[in-house]
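Protein chains: 2
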Amino acid sequence: MYKSEQLAKQIRHLIENGTLKAHEKLPSLREQVQISGFSLITVMNAYQELESRGLIYAREKSGYYVSNTIVDVELARPLIVSLNSKVEINSLVFQYLKSIQGEHIVPLGSAFPSQDLVFSKKLTQIMGQIARNKKSYDAIDNLPPGNLFLRKLIAQRYCMQGIPTDADDIVITSGCMDALNLSLQAIACPGDYIVLQQNIFYGALQAAERLGLKVVTIPEHPQHGFDLEAFEHILKTYPVKVCWLMLNAHNPIGFTVNEEIKLKIAELLHQYQVHLIEDDVYEEMYFGQQKPLPMKYYDQNNLVLHCSSFSKTLGAAFRVGWVYAGKYSQHIQHLQLMSTISVNALLQNALVDFISNYHYEKHLRILRKSLQQNKLQFYRYIESHLPKGCKLHYYPGGYFLWLKLPESVSSMQVYEQLIQQNIGISPGQLFNVSEQKSQCLRLNCSFEWNEQFQQAVDTLLHSIGTFEAT
Amino acid sequence: MYKSEQLAKQIRHLIENGTLKAHEKLPSLREQVQISGFSLITVMNAYQELESRGLIYAREKSGYYVSNTIVDVELARPLIVSLNSKVEINSLVFQYLKSIQGEHIVPLGSAFPSQDLVFSKKLTQIMGQIARNKKSYDAIDNLPPGNLFLRKLIAQRYCMQGIPTDADDIVITSGCMDALNLSLQAIACPGDYIVLQQNIFYGALQAAERLGLKVVTIPEHPQHGFDLEAFEHILKTYPVKVCWLMLNAHNPIGFTVNEEIKLKIAELLHQYQVHLIEDDVYEEMYFGQQKPLPMKYYDQNNLVLHCSSFSKTLGAAFRVGWVYAGKYSQHIQHLQLMSTISVNALLQNALVDFISNYHYEKHLRILRKSLQQNKLQFYRYIESHLPKGCKLHYYPGGYFLWLKLPESVSSMQVYEQLIQQNIGISPGQLFNVSEQKSQCLRLNCSFEWNEQFQQAVDTLLHSIGTFEAT
Chain A
1 MYKSEQLAKQ
11 IRHLIENGTL
21 KAHEKLPSLR
31 EQVQISGFSL
41 ITVMNAYQEL
51 ESRGLIYARE
61 KSGYYVSNTI
71 VDVELARPLI
81 VSLNSKVEIN
91 SLVFQYLKSI
101 QGEHIVPLGS
111 AFPSQDLVFS
121 KKLTQIMGQI
131 ARNKKSYDAI
141 DNLPPGNLFL
151 RKLIAQRYCM
161 QGIPTDADDI
171 VITSGCMDAL
181 NLSLQAIACP
191 GDYIVLQQNI
201 FYGALQAAER
211 LGLKVVTIPE
221 HPQHGFDLEA
231 FEHILKTYPV
241 KVCWLMLNAH
251 NPIGFTVNEE
261 IKLKIAELLH
271 QYQVHLIEDD
281 VYEEMYFGQQ
291 KPLPMKYYDQ
301 NNLVLHCSSF
311 SKTLGAAFRV
321 GWVYAGKYSQ
331 HIQHLQLMST
341 ISVNALLQNA
351 LVDFISNYHY
361 EKHLRILRKS
371 LQQNKLQFYR
381 YIESHLPKGC
391 KLHYYPGGYF
401 LWLKLPESVS
411 SMQVYEQLIQ
421 QNIGISPGQL
431 FNVSEQKSQC
441 LRLNCSFEWN
451 EQFQQAVDTL
461 LHSIGTFEAT
Chain B
1 MYKSEQLAKQ
11 IRHLIENGTL
21 KAHEKLPSLR
31 EQVQISGFSL
41 ITVMNAYQEL
51 ESRGLIYARE
61 KSGYYVSNTI
71 VDVELARPLI
81 VSLNSKVEIN
91 SLVFQYLKSI
101 QGEHIVPLGS
111 AFPSQDLVFS
121 KKLTQIMGQI
131 ARNKKSYDAI
141 DNLPPGNLFL
151 RKLIAQRYCM
161 QGIPTDADDI
171 VITSGCMDAL
181 NLSLQAIACP
191 GDYIVLQQNI
201 FYGALQAAER
211 LGLKVVTIPE
221 HPQHGFDLEA
231 FEHILKTYPV
241 KVCWLMLNAH
251 NPIGFTVNEE
261 IKLKIAELLH
271 QYQVHLIEDD
281 VYEEMYFGQQ
291 KPLPMKYYDQ
301 NNLVLHCSSF
311 SKTLGAAFRV
321 GWVYAGKYSQ
331 HIQHLQLMST
341 ISVNALLQNA
351 LVDFISNYHY
361 EKHLRILRKS
371 LQQNKLQFYR
381 YIESHLPKGC
391 KLHYYPGGYF
401 LWLKLPESVS
411 SMQVYEQLIQ
421 QNIGISPGQL
431 FNVSEQKSQC
441 LRLNCSFEWN
451 EQFQQAVDTL
461 LHSIGTFEAT
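Protein chains in written order, with UniProt numbering: chain A, 1 to 470; chain B, 1 to 470.
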């Protein structure tokens, strides 16, 4: 046993037998050197070991404290994910995104909705008209926080959901990813704790990594999507600064968390004074009568920064999003002026025209209907041809199906085999850093069902069957 | 005297009397604790004090070393700028940019060229045409590294300057600021040393701050713009990782560095294996027959990342730039996928049409001619009405004039007084963190001379005269 492990074990014993109490400050590194007789390096390694196991936590410029739990995180549900494997995740995502780029690949793995559905002829007509008008290119009016009229229209849409909003609460960004990143930068500092869902859009992991945050992941609840108990446990245990969650038409799995749970999440955020960065980029892609409420609706304390975009509903090439920044507006604008500076003026002006003339609402109604039809068609076909041991998750919203493979089959293997045949799928590992091997994969079902897709799905299901048999 | 100062003084003495030699490793923190009998905190503070004075430098995971100089940086020309005042710089820039936003402000302080000059009717016609075409919005073809045809056209322009370039060397970005930021992130890590010019586009300082870099500034050479001697001194003294320089139509001062000096800079970069992020956003705004060569031309070792944009020549609202990334292309694309994801497809497609049909070259010829005329008109008027003690710097390129005020006048005071009268100017402090008070200001002279500008300039000159008299 290394010296540091020896020391870690000693301290752990003191925590477990109650000698060191929850939130009690540990001796400083120097003090511990004197107490234990070990070297500074050994003490540091021991503290890091205990921290990575969730038994102690660090407060900036203050030192180490005992966590509010003696449960070893290896056994408990919430896991601290060591982000040491970060570079591989990035290259994995990158290679993957590169591999499915290209017109010859069947886009079951794509993150983008079918261009046939999101393309709006009306919007392109408006673009065509205003593109000839010099006024449409004015830079000044479109500097951060962005075009005033567009912000007013976005604010109105929040108001219609019962969320009091002013144009000045909104900051226009270069897509939702930009909004999420800027929000996280405004809230969190290196070393802060962030809560992420165990399966999550890979951009969240990359953003946390880039900012040097400590990531605590929360597992999905098998029934409700969101595990309140685990969430509360995490907030009790760690000095969490911020969460980044997706609760409507969750990517990659697809669930939408119910209102009761959202209300309780809001209460917990308030109780622990934790900020939430809410990724709600699929908010318009609900199938029912009622648009699901965002967490922003339950936010009484300016703790929620709600991020969304037009890129999912009008085309990924658009790159116009926004954040409900509230009192963080100034800070986020600062950060914008240091990065993208502003969002293209013409696009902002075109959206003003498009939305204010009710074209957007009409577009969304048709889009939702078509998405539902297409997704159902994929679902029915796959469900009725499902190989033994598979489980297909269908949720009424978004355009993804989440397919759980039999225990013995790795989604990465299936991906590797299919990409050889020019079929793209999204292996679950892209969305989950804590699993070495994933049995899940995400299928994009926004496309109109046709022979090409049926063949691709047949190939996929056959491939799963082959792996299962071996 | 604090204990740490006492220790710092002792070590400094050892360096100055030659006991500790250049590049010799200092005792580790722990060793120094034992040697000196001081506490760890005292030793750390002493080392930091010596580091901030340039007497020692840190190497990651290795420790502290003696710098190659016994000259105290307080006396020598190159200065280490402590970036502790960083937040103020950001808010200053932010407040300033906000204050000159608005149509009622005379835009002498603007960073953007006159919209009358950069607006291209032809480009808007193209936009109008292709905006109606569904193909123009395709997301996949425009993901990082960006539209292939646009990258080919940009590569061709490099080739025409004698710089061998392949489409794959280029990455399209959301403007030049985005290109610069991505490049810096790809090259530098927190704690690395960066060389910046003493007067520089404020974005460079903000980017360095955001990444936690140690900034060494190099003063402008009164004759040549760039001080080679100081540059070599810095590279000798500090373990510099990267430089961020602007050498063509420098913002804010305006000079273009000659080819002889550029060649020597390249040699020094090679000798010390230091990367250069080259901000060349004004590259097209030369007034002579020959486009000034970028540092990329002299780069034999893939050390230069050349960044530029269409935003200065076609309108600030455009937000399309690029970086000659070479072997850093993959890394920069990774970073893009974590931030803006991609650049609007329509804009990329419109630029392909515009450039490939030679409209861009024609547009640039007219733009350059008009800029030269306008700038000359401003120059002649101001020069012939210059208050006593002022010095006006005119350089044949770009659209800024750099005005040095008399010793007793602060540019911030002038700015404060003028903004009350709805006239915007750029006080020198925005571009120079090391000066507490700046006597310089930047004037945007891209506009067609008219009565409004004459009145604004008269008010400015009168205001300077008033301050001078008091």
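Wrong hints could be hidden among the right ones.
Note that the list lumps identical chains together, so a pair holds whenever it fits in one copy or between two copies.
Said to hold, decoys possible - Derived EDC-like pairs: lysine to aspartate or glutamate, alpha-carbon spacing no greater than 20 Å straight-line:
hint	residue 1	residue 2
1	K98	D192
2	K241	D138
3	K388	E229
4	K122	E51
5	K134	D353
6	K152	D166
7	K264	E468
8	K3	D116
9	K98	D168
10	K134	D116
11	K135	D116
Calculated directly from the structure, the hints in this document are not laboratory data.
Please read all numbers here as calculations on a predicted model, not as lab measurements.
| query | Checked against the structure, which of the hints given earlier come out wrong? | reply | 1, 2, 3, 4, 7 and 8
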